[in-house]
Amino acid sequence: MDGYIPLSYGDLALASLLVLANAGLSLALDLGIHRRLLIAAARMVVQLSLMGMVLTALFSHVSPLWTGLAALVMVGFAGHEVASRQERRLSGAWAYGLGTGCMMLAAALVTVFALTTALRPEPWYDPRYAVPLLGMILGNTMTGISLGMNTLTTGLVARRAGVEARLMLGATRREAMAPVIRQALRSALMPIINTMSATGVVALPGMMTGQILGGVTPAEAVKYQILILFLIAGGTGLGAVSAVLSGGWRLSDARHRLRLDRLTSSKA
Amino acid sequence: MLDVVALRRPPLQPATFSLDAGECLAVRGPSGAGKSLLLRAIADLDPNEGQVSLGGQARESMTAPQWRRQVGYLPAEPGWWADSIGEHFSDWSAALPILDALGLPDAARDWPVSRASTGERLRLALVRALAVGPRVLLLDEPTAALDAASVAAVEALIAARVAQGLAVLWVTHDAAQAKRVAHRCLVVEAGQVRQEAAEWTATSL
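Listed in order, the protein sequences are those of chains B and Z. The number in the numbering used here is simply the position in the first sequence, starting from 1, with 39 added. The number in the numbering used here is simply the position in the second sequence, starting from 1, with 13 added.
Derived from the structure by calculation, the hints contain no laboratory data. Please note that the accuracy of each hint is not assured.
Residues from chain B that face chain Z, not an exhaustive set, calculated with beta carbons under 10 Å [stated by the list, open to error]:
id, residue
1, Gly71
2, His73
3, Arg198
4, Ala210
5, Arg212
6, Glu214
7, Pro218
8, Asp292
9, Ala293
10, Arg296
11, Leu297
Positions of the beta carbon are idealized from the N, C-alpha and C atoms, including for glycine.
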C-alpha cells in the first residue's frame with residue numbers, strides 16, 4: 040500500500056464545495072432541488088461515517104456472530120428498500136417477506152460461494168471481506184429484484200385481460216403468465232447486462248477506481264472487478280428469478296386463477 | 014348437464030340451477046347485478062364456493078384448465094395477448110368454418126389485433142372460444158357491439174351449435190334477443206339468482 044495518499048478532513052471539505060456549488064446553481068436557476076440535494080449529501084456523509092465506525096469495530100473483533108448480525112441488518116434495509124420501490128405491493132407479510140427472502144437467499148449464497156472459493160480469507164467469515172462483498176452483491180441484487188417485481192406486478196395489472204383470456208381457453212397459469220414473467224426477468228437483468236457491456240469502455244467502476252487510488256496495481260484491481268461483476272450477475276439472476284417466479288406463484292392460485300386481489304397499490 | 018348447487022361468490026347469494034345439453038339459458042338483470050361475476054365463478058376464474066359439476070363430474074375432480082376447456086367463457090371485453098390475430102389460435106384451419114359462418118375472412122389471421130374493430134374482435138373471440146370445443150359456453154353480451162347482420166350470424170351459429178348439443182348461458186340486455194335464442198331465463202337481481210319458472214311459449218313476452 041505504498042502509493043496510498045491519505046485524505047484529510049480539509050480535503051473533503053474542499054470537495055464538498057462542488058455540492059454547494061450545485062446547490063447555488065439550483066437556487067440561481069430556481070430548480071427547487073437545493074434542499075433535497077443538501078440533505079442527501081449530509082445523509083451520505085453521516086451514513087458513511089457511521090458505516091466506517093461500524094466496520095472498524097467489526098474488523099477488530101473477527102466474530103461470526105457480529106458479522107452475521109451486520110449481514111442481517113444490511114439485508115433488512117435492502118428488503119425495506121425493495122418494498123418501498125414497488126408501485127403495487129403484495130398484500131400482508133408478502134410485501135416485505137418475498138423480496139427480502141429471495142434477496143437474502145441469493146446474496147448469502149453468492150457471498151459464501153465467493154468466500155469459500157475465490158477469496159478464501161481465514162476465517163472465511165472475516166468481516167473485512169464478507170461485509171464489503173455482501174454490500175456490493177446486495178446493492179445490485181436489490182435493484183434487480185425491485186425492477187423485476189415492479190415489472191411483474193404492473194405487467195399483470197396492465198395485461199390482465201390477455202392473461203385471463205389464455206386462462207379461459209384452458210392455459211395453465213404458467214403458460215398464461217409466461218410473457219409477463221419473461222418481461223419482468225428481462226428488465227431485472229438489463230442493468231447488470233448493461234453494466235458489464237459498458238464497463239471499461241464508458242465507465243471505470245467505483246470499486247476498481249478505489250482500489251487503484253488505494254495503491255493496488257491496475258492488473259490486480261481489474262481481476263477483482265471481474266470477480267465482483269460475475270458475483271453480482273449471479274446474485275442478481277438468482278434473486279430476480281426466485282423473486283419473480285414466487286411473485287407469479289403468489290399472484291395466481293392452484294385453480295389457475297389470476298389473483299390480483301393479493302396486490303395493494305401504494306400511492307405514496 | 015351443467016349442475017350448479019349453492020354457488021357462492023360474494024356479493025351474489027348462493028345460486029342453484031342446472032342447464033341441459035342442447036339448452037340455452039338467457040341470463041338477464043340490471044347492470045352491476047353480478048351477471049358477469051356469476052359466469053366468472055362458473056368458469057372458476059374467481060375464488061368461489063359451492064358444487065359445480067358437468068355431466069355428473071365434479072369441477073374439483075379435474076384441473077382448472079381441463080374444466081375451462083369444457084366450460085368456455087367469453088367475456089364482454091375479450092382479452093388478447095399477442096400482436097396478430099392468428100397467434101391466438103392453436104389450430105387456424107379448424108377455426109376456418111366458424112370464421113366463415115360469422116363472415117370473417119381467412120386473411121384475418123395476419124391482422125394485427127389493434128387493426129380489428131370492436132365488433133370484429135368480439136366475433137373473433139367467439140370463434141376462438143368455440144374452436145376449443147367446449148361442452149358449455151358462457152357468453153357475456155356477445156352481440157352488444159355488433160351490427161344487425163352480425164347479430165343474426167352469431168345467433169344462427171350458436172343456435173346451430175345448441176342443436177348439436179352445446180349448452181349455453183347467454184347474458185343479454187335485449188328481451189327480444191333472449192326470446193329468440195333461449196329456452197328459459199335466469200334472472201340476476203340484487204344479488205339473487207333465480208330461475209324464471211315457466212318455459213318460453215310462443216305467446217308469453
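Hints and how they fare:
1. Annotation: Gly71 of chain B was flagged as interfacial toward chain Z, and the flag is violated, the nearest CB pair being 41 Å apart, outside 10 Å.
2. Using the Cβ-Cβ criterion of 10 Å, the hint placing His73 of chain B at the interface with chain Z is not satisfied: the shortest such distance is roughly 46 Å.
3. Among the interface hints, the one on Arg198 of chain B holds; its C-beta lies about 7 Å from the nearest C-beta in chain Z, closer than the 10 Å criterion.
4. Look at Ala210 of chain B: its Cβ gets to within about 6 Å of chain Z, closer than 10 Å, so that hint holds up.
5. With its C-beta approaching chain Z no nearer than about 8 Å, Arg212 of chain B sits inside the 10 Å limit, and its interface hint holds.
6. Taken as an interface hint, Glu214 of chain B checks out: its beta carbon lies about 9 Å from the nearest beta carbon of chain Z, inside 10 Å.
7. A distance limit of 10 Å between C-beta atoms decides the matter here; for Pro218 of chain B the minimum to chain Z is near 7 Å, and the interface restraint holds.
8. With a cut of 10 Å, the hint placing Asp292 of chain B at the interface with chain Z holds, because the nearest CB-to-CB distance is about 8 Å.
9. Given the 10 Å rule on beta carbons, the hint for Ala293 of chain B holds: about 8 Å separates it from the nearest Cβ of chain Z.
10. Look at Arg296 of chain B: its Cβ gets to within about 6 Å of chain Z, closer than 10 Å, so that hint holds up.
11. Below 10 Å, beta-carbon pairs count as interface contacts, and Leu297 of chain B has one with chain Z at about 8 Å; its hint therefore holds.
The structure is inconsistent with the numbered hints 1 and 2, although it conforms to all the rest.
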